[in-house]
Amino acid sequence: MDTLLSGQLFVAMLVVGSLYALVALGLNLIYGTMRLLNVAHGELVMLGAYVAYWSFSLANIGPLISMFVAMALAALLGAAIYYALLHRALRSTTLSERIEANSLLIFFGVSVILQNTAALLFTANPRSYPYLDTLVHFGDTTISMDRLVVLGVSLVVCIGAVLYLRLSMTGLAIRALIQQRDAAELVGIDITRTHLLSFCLGFAMAGLAGVLISMIGQVSPFMGFPFTIAAFVVIILGGLGNLTGSLIGGFLLGAVETYGVALTSASYRSILIYGVFIAVLVWRPQGLFGGTRVAR
Amino acid sequence: MRKTLMTALIGVVGLALAGLAQAAEPVKIGFSLSKTGMFASAIPSQLNVYELWKDEVNAAGGLDVGGERRPIEFISYDDQSDPANAVKIYEKLITNDKVDLLLAPWGTPFHFAVAGVLDRYKFPMVGNSAASVQLRELKAGYIWFPTSAIPDRLAEELGKLLTQQGVKTVAVTNLQLPFSLEIKEYLMPVLEREGIEVLVDEAYPPGVKDMTAMLLKVKNANPDAVLSLSYPSDSVLYTMTAREIGIAAKFQLVLIGPTIDFFGQMFGPAADGLITVGHWSPHQKAWPRAKPFFDAYVAKFNTRPDYLDSALAYMSVEILEQAVAKAGLDKEALRQTIASTTFDTINGPVRFDGVQNATTPTMFLQIQAGEAQIIWPPDQATANVIPKPAWPE
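Top line first, the protein sequences correspond to chains Y and U. If you read the first sequence in this note's numbering, its first letter stands for residue -14, the second for the next number, and so on. If you read the second sequence in this note's numbering, its first letter stands for residue 5, the second for the next number, and so on.
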């Protein structure tokens, strides 16, 4: 019982939850606006982590600065992939009908290529760097500074992104596109521009998540896949295309990982996570926070 | 004038011929490693050693094959982290590429997978990065294992070490993967026999992203020792979380991770006092080859060798090199030599009994001032066990 009420566990839930939310938000943005299943999302996280690692070890630039570099590079990569692989398919009516299945295959290829390119360029050696690892105390709760920074940055970005999408004109255009693609085009929303924007934004958020994750774990070419899986679980929980939902979904998954384990045992961790996942798919396929109809 | 020209010509021809004689036919050495796929991040520590060894031997004039020096040439393939591919590759290396010698693939399942091929073609190979009680069930003959970190022996020795340190209560957390599960299976009866009470016993699946809940249970139980039977990525999670929540046990074992280069870079002084598994250290003065190997590895790759896989991989090539110098490339002579000789390695003298290393004792290491020191057994120790200091702020 002490464990359940401890601030330590609550902070742990916030840290994992905010990371899950950040990774999932980027993925959901791309799925919501374009119906693209980006299974290479975790590889962008990996690339972001390498940007942070190399910036730190070669140029002594800390992750709080290199995160902007990582976001810009990820967004550029997003634009390149968009124009090279997806632009034509999204504009053509026949191809765009099959875009969901095709994008899964395209991104699977992208994912394997990125992993192995990283392994060739950087070798598969796991890497890490020391950054801000002093301990900070709040009453009887202790957290290391790097985890506190991770929590702060991902919370600010997640909440900022959700507010931006709710309040700004561009955000409204993106959400209009998520809800009704054809109607959005009729009222004068520039589809290509909005697609490109949300694609790059989604990539940038993955790059940022990578920088944050590199501060608290090891960096390797194959680190991304578990985050892709976690992000898919989160967006199923929160609802495909529902951005606020994936924010809440991220914290829900974080809570299962911390409170779920505290209540049962660590060996139930995966069973709990996928149990919740399947339960949601069966009883609320539109997601916990989705409307009654999945927006098409 | 003519005579000098002739002399010069003869000289040139003579030099060219000497050059030809020098360029002896290379010794072809084959292997497969998981260059891509889920195990790819584990193989650099082994592949680097193979490359280092090849460069060292070639720089010294080549591999001594029963008295004749011949350059080493590698033929290697990527098994994509699939043992079934490794089987096909070793078959191809033997029958198609007609290699002279074989080096080991990475990891226990791959060693098991290729053992049958070695047996069928009567081709001897010195294994390295494999450790399991099951390897004793392999037919002795064409494969050998230099490791002394076999789970049942590890469990026995850990029991003795805990008792020596006056540990009465422990918390055990283990990852559900083969090596840590096997150790736990043998460890639990040993703990009971030694009269050590298990206060927390938690298992967790691969891929956990947070350990706070589990380790709070450990902290609340306040055991004398914590045994984290973990692999590198969850060893990071253990160390980070244990420090954050302040697990104060004076004996903390982290199974695999603390001796890998990135771990020290990440934690620095926070890793001090952690005990880990391993049976090699460059600080052992009794093994004169140990420190030069460590220095050469660091100079070439700008990172430290892994104390388990890199050390084992280097032992395997040392054994092969010394056996070939004695027996040449004849497979049967080579097999008999490997099976019966005592070899001089970076881990001290090694002699095989069946498939197993019969000489190297099972050991434990402790990180002290950033260096991995052997602390068990006492007659092999390079430093005394120290109680785990308080985590740095």
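Wrong hints could be hidden among the right ones.
As the list claims (entries may be wrong) - Below, computed lysine to any residue pairings styled on SDA-like, alpha-carbon distance capped at 25 Å:
1. U/221 / Y/105
2. U/254 / Y/78
3. U/92 / U/120
Said to hold, decoys possible - Listed next, with one range per pair, are the computed distances between beta-carbon atoms:
4. U/42 / Y/153: 11 to 21 Å
5. Y/79 / U/102: 50 to 60 Å
6. U/299 / Y/211: 55 to 65 Å
7. U/181 / Y/123: 34 to 44 Å
8. U/252 / Y/123: 47 to 57 Å
9. U/391 / Y/86: 39 to 49 Å
What the hints contain is simulated information worked out from the structure, not anything from laboratory work. Ideal placement from N, C-alpha and C gives every residue a C-beta, glycine not left out.
Structure-based check of all given hints:
Distance restraint check for residue 221 of chain U and residue 105 of chain Y: the Cα-Cα separation of roughly 42 Å exceeds the 25 Å cut-off, and the hinted pair is therefore not satisfied. Among the hinted pairs, residue 254 of chain U with residue 78 of chain Y is inconsistent with the structure: their alpha-carbon atoms are about 67 Å apart, more than 25 Å. For the hint pairing residue 92 of chain U with residue 120 of chain U, the CA-to-CA distance comes to about 11 Å; that is within 25 Å, so the pair holds. Separation of residue 42 of chain U from residue 153 of chain Y is about 42 Å and departs from the stated range, judged on CB atoms against 11 to 21 Å.
Against the hinted window of 50 to 60 Å, the Cβ-Cβ separation of residue 79 of chain Y and residue 102 of chain U comes to about 54 Å, which satisfies the hint. At roughly 37 Å, the beta carbons of residue 299 of chain U and residue 211 of chain Y sit outside the given window of 55 to 65 Å. Between residue 181 of chain U and residue 123 of chain Y the Cβ separation comes to about 35 Å, which falls inside the hinted range of 34 to 44 Å. At roughly 19 Å, the beta carbons of residue 252 of chain U and residue 123 of chain Y sit outside the given window of 47 to 57 Å.
Taken as a hint, the range 39 to 49 Å is violated for the pair residue 391 of chain U and residue 86 of chain Y, whose Cβ atoms sit roughly 59 Å apart.
Hint check: violations occur at hints 1, 2, 4, 6, 8 and 9; the rest are consistent with the structure.
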